[in-house]
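**Student:** Below are the chains, spelled out letter by letter.
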Amino acid sequence: MSVRLSARWPFRRLSLVLSLAAAGFGPLVASSAARADEVSVAVAANFTAPMQKIAAQFEKDTGHKALLSFGATGKFYAQIKNGAPFEVFLAADDETPARLEKEGGIVAGSRFTYAIGKLVLWSAKPAIVDGQGEVLKQGGFDHLSIANPKLAPYGAAAVETMKALGAYDALSPRLVQAENIGQAYQFVASGNALLGFVALAQVVDETGKLKGGSMWVVPPALYTPIRQDAVVLAKGQGKAAAAALVKYLQGDKARAVIRGYGYAL
Amino acid sequence: MTFSPDDWAAIRLTLELAATTTAVLLLLGTPVAWWLARTPSRLKAVVGAVVSLPLVLPPTVLGFYLLVLLGPNGVGGQLTQALGLGLLPFSFPGLVVASVLYSTPFVVQPLQQAFEAIGTRPLEVAATLRAGPWDTFFAVVLPLARPGFVTATILGFAHTVGEFGVVLMIGGNIPEKTRVVSVQIYDHVEALEYAQAHWLAGGMVVFSFLVLLALYASKARRSYVG
Numbered sequence: 001m002s003v004r005l006s007a008r009w010p011f012r013r014l015s016l017v018l019s020l021a022a023a024g025f026g027p028l029v030a031s032s033a034a035r036a037d038e039v040s041v042a043v044a045a046n047f048t049a050p051m052q053k054i055a056a057q058f059e060k061d062t063g064h065k066a067l068l069s070f071g072a073t074g075k076f077y078a079q080i081k082n083g084a085p086f087e088v089f090l091a092a093d094d095e096t097p098a099r100l101e102k103e104g105g106i107v108a109g110s111r112f113t114y115a116i117g118k119l120v121l122w123s124a125k126p127a128i129v130d131g132q133g134e135v136l137k138q139g140g141f142d143h144l145s146i147a148n149p150k151l152a153p154y155g156a157a158a159v160e161t162m163k164a165l166g167a168y169d170a171l172s173p174r175l176v177q178a179e180n181i182g183q184a185y186q187f188v189a190s191g192n193a194l195l196g197f198v199a200l201a202q203v204v205d206e207t208g209k210l211k212g213g214s215m216w217v218v219p220p221a222l223y224t225p226i227r228q229d230a231v232v233l234a235k236g237q238g239k240a241a242a243a244a245l246v247k248y249l250q251g252d253k254a255r256a257v258i259r260g261y262g263y264a265l
Numbered sequence: 001m002t003f004s005p006d007d008w009a010a011i012r013l014t015l016e017l018a019a020t021t022t023a024v025l026l027l028l029g030t031p032v033a034w035w036l037a038r039t040p041s042r043l044k045a046v047v048g049a050v051v052s053l054p055l056v057l058p059p060t061v062l063g064f065y066l067l068v069l070l071g072p073n074g075v076g077g078q079l080t081q082a083l084g085l086g087l088l089p090f091s092f093p094g095l096v097v098a099s100v101l102y103s104t105p106f107v108v109q110p111l112q113q114a115f116e117a118i119g120t121r122p123l124e125v126a127a128t129l130r131a132g133p134w135d136t137f138f139a140v141v142l143p144l145a146r147p148g149f150v151t152a153t154i155l156g157f158a159h160t161v162g163e164f165g166v167v168l169m170i171g172g173n174i175p176e177k178t179r180v181v182s183v184q185i186y187d188h189v190e191a192l193e194y195a196q197a198h199w200l201a202g203g204m205v206v207f208s209f210l211v212l213l214a215l216y217a218s219k220a221r222r223s224y225v226g
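Protein chains in written order, with full-length UniProt numbering: chain S, 1 to 265; chain L, 1 to 226.
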């Protein structure tokens, strides 16, 4: 009995709220609902901050809503292959989208590079990381966090960098691997790893200024460029919001945000 | 195709972790369960709820707080450093601490039930025979609660073997140190190595089934005999 009562009351209140809302905002909702749509987007973890900003602007400018999921590119690939309802995919590399294209999982010709990622060595503490990355050779730390190099392009770039510096063998016992670049950041931010290789966009604000700690922007010559490609997935075929988002990503406003966070284009 | 050396390392590590965790939990959980089974204290409900928290908390919550608490800026991290133990995240002892918390209800609850089932009568009889509290515990309570200890050991061990979220949060995925089977499966799946993932994941299913089968079979036999 009590269950039924408690289940009914919220509904009553909800329907009251809904009818009030419909009366007050009805005209507004009706006018934009005709065109506005939702698009589900899988976003590589390193692109979290810029994409949140771009999505907010996108929603304001077009009326379309972007539903964002953040995670590891490899995980998204597996989910997409198994029927995940994503319509647009912003990967952390160019191989995964190319693979999807070859397998016929995307809208033909929709693949493009939306950003070129930059790798940084970062510490949450100031004055730990020097301007040349010498700290890697000097040691004096227990843990160096990287994204899993098998799964994440930034992790692979970190390994390339350490090898190019001739420091990989000395450093490998101290490596802790995160599931993706977001977790690699978390290991450093929580202080459990003094240093970590993360994406530049994670540690700078929208004007490219370091938010805290100390960093070394790894010279691009030390690793294969991290070209990040986007595609419209098969599930986004013919959807106006998906097409609009992809177009928006290539527009000046979005590109300004992407550059602001330190990505090359 | 079968297990790779990496897979074997993960299996070995997982078994070590589960065995250590179970041993620690039996030592720490027994007095807690005994207290819970016997106390008239009003704190019983609070302690009982705390012990059961890991049943309902997502492992990521547990892992997240452990990462913060055991890190250099956390209370736990400062304590372990002051004791000269260093920091626990990304280490085997850190996984043991996390697993002990994670598996607590699976050990404490069966023990508590077993102790409660004994009732007060055998203890009173022992007391009239002038048995001291320790004597009573080892000579009367432990033998009577034996099925509870078997269940607690099996469940504690099996539940720790299946641990994933907590390790992912504080483990750091280090081969031979913190990369347990569940994380290795996750890596295989993410890297699209489905065949290897199947070997390990299928192994886990078989293992879990056999453990539970042994548990239920022994229970059925006991209740039939008893």
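I should point out that these hints are in silico values taken from the structure, not numbers from a laboratory. Honestly, I wouldn't trust all of these hints.
Examples of chain S residues toward chain L, derived with CB under 10 Å [what the hints assert, rightly or not]:
| hint | residue |
| --- | --- |
| 1 | Asp37 |
| 2 | Tyr77 |
| 3 | Lys150 |
| 4 | Leu175 |
| 5 | Val176 |
| 6 | Gln183 |
| 7 | Ser214 |
| 8 | Gln237 |
In the DSBU-like style, the derived pairs of lysine-lysine whose C-alpha atoms are separated by at most 30 Å in a straight line are [claimed, not checked]:
| hint | chain 1 | residue 1 | chain 2 | residue 2 |
| --- | --- | --- | --- | --- |
| 9 | S | Lys163 | L | Lys177 |
| 10 | S | Lys75 | L | Lys177 |
| 11 | L | Lys177 | L | Lys44 |
| 12 | S | Lys209 | S | Lys81 |
| 13 | S | Lys125 | S | Lys53 |
| 14 | S | Lys150 | S | Lys253 |
| 15 | L | Lys177 | S | Lys150 |
| 16 | S | Lys53 | S | Lys81 |
| 17 | L | Lys177 | S | Lys125 |
| 18 | S | Lys253 | S | Lys239 |
| 19 | S | Lys60 | S | Lys211 |
| 20 | S | Lys209 | S | Lys137 |
| 21 | S | Lys53 | S | Lys163 |
| 22 | L | Lys177 | S | Lys137 |
| 23 | S | Lys60 | S | Lys163 |
Chain L stretches covered by chain S per the calculated footprint, using a threshold of three residues with CB under 8 Å from any CB of chain S [stated by the list, open to error]:
| hint | segment |
| --- | --- |
| 24 | 63-76 |
| 25 | 81-94 |
| 26 | 180-194 |
Quick caveat: nothing in here was measured; it's all calculated off a predicted structure. Just so it is clear, CB atoms sit at the ideal spot from N, CA and C, and this is done for glycine as well.
**Student:** Give a verdict on every hint.
**Tutor:** Evaluation of the provided hints:
1. Asp37: At 31 Å from the nearest chain L Cβ, aspartate 37 of chain S fails the 10 Å test, so the hint is violated.
2. Tyr77: Hint holds; tyrosine 77 of chain S Cβ to chain L Cβ min 7 Å, cut 10 Å.
3. Lys150: holds (5 Å)
4. Leu175: holds (7 Å)
5. Val176: holds (3 Å)
6. Gln183: holds (8 Å)
7. Ser214: Cβ of serine 214 of chain S sits 16 Å from chain L, so the hint is violated.
8. Gln237: violated (24 Å)
9. S/Lys163 x L/Lys177: Distance of about 23 Å is within 30 Å: holds.
10. S/Lys75 x L/Lys177: holds (24 Å)
11. L/Lys177 x L/Lys44: violated (37 Å)
12. S/Lys209 x S/Lys81: violated (38 Å)
13. S/Lys125 x S/Lys53: holds (27 Å)
14. S/Lys150 x S/Lys253: Violated: lysine 150 of chain S and lysine 253 of chain S sit about 34 Å apart, past 30 Å.
15. L/Lys177 x S/Lys150: holds (18 Å)
16. S/Lys53 x S/Lys81: Cα-Cα ~28 Å, so holds.
17. L/Lys177 x S/Lys125: holds (27 Å)
18. S/Lys253 x S/Lys239: Status holds; Cα separation ~22 Å.
19. S/Lys60 x S/Lys211: Given that 30 Å is the threshold and the Cα spacing comes to 27 Å, the pair holds.
20. S/Lys209 x S/Lys137: Roughly 26 Å separates the two Cα atoms, so the pair holds.
21. S/Lys53 x S/Lys163: With a Cα-Cα distance of about 35 Å, the restraint between lysine 53 of chain S and lysine 163 of chain S is violated, given a limit of 30 Å.
22. L/Lys177 x S/Lys137: holds (24 Å)
23. S/Lys60 x S/Lys163: violated (45 Å)
24. 63-76: Satisfied; 6 residues make the cut.
25. 81-94: Our answer is that it holds, as 4 residues pass the Cβ test (under 8 Å) against chain S, meeting three.
26. 180-194: n = 6 at 8 Å, threshold three: holds.
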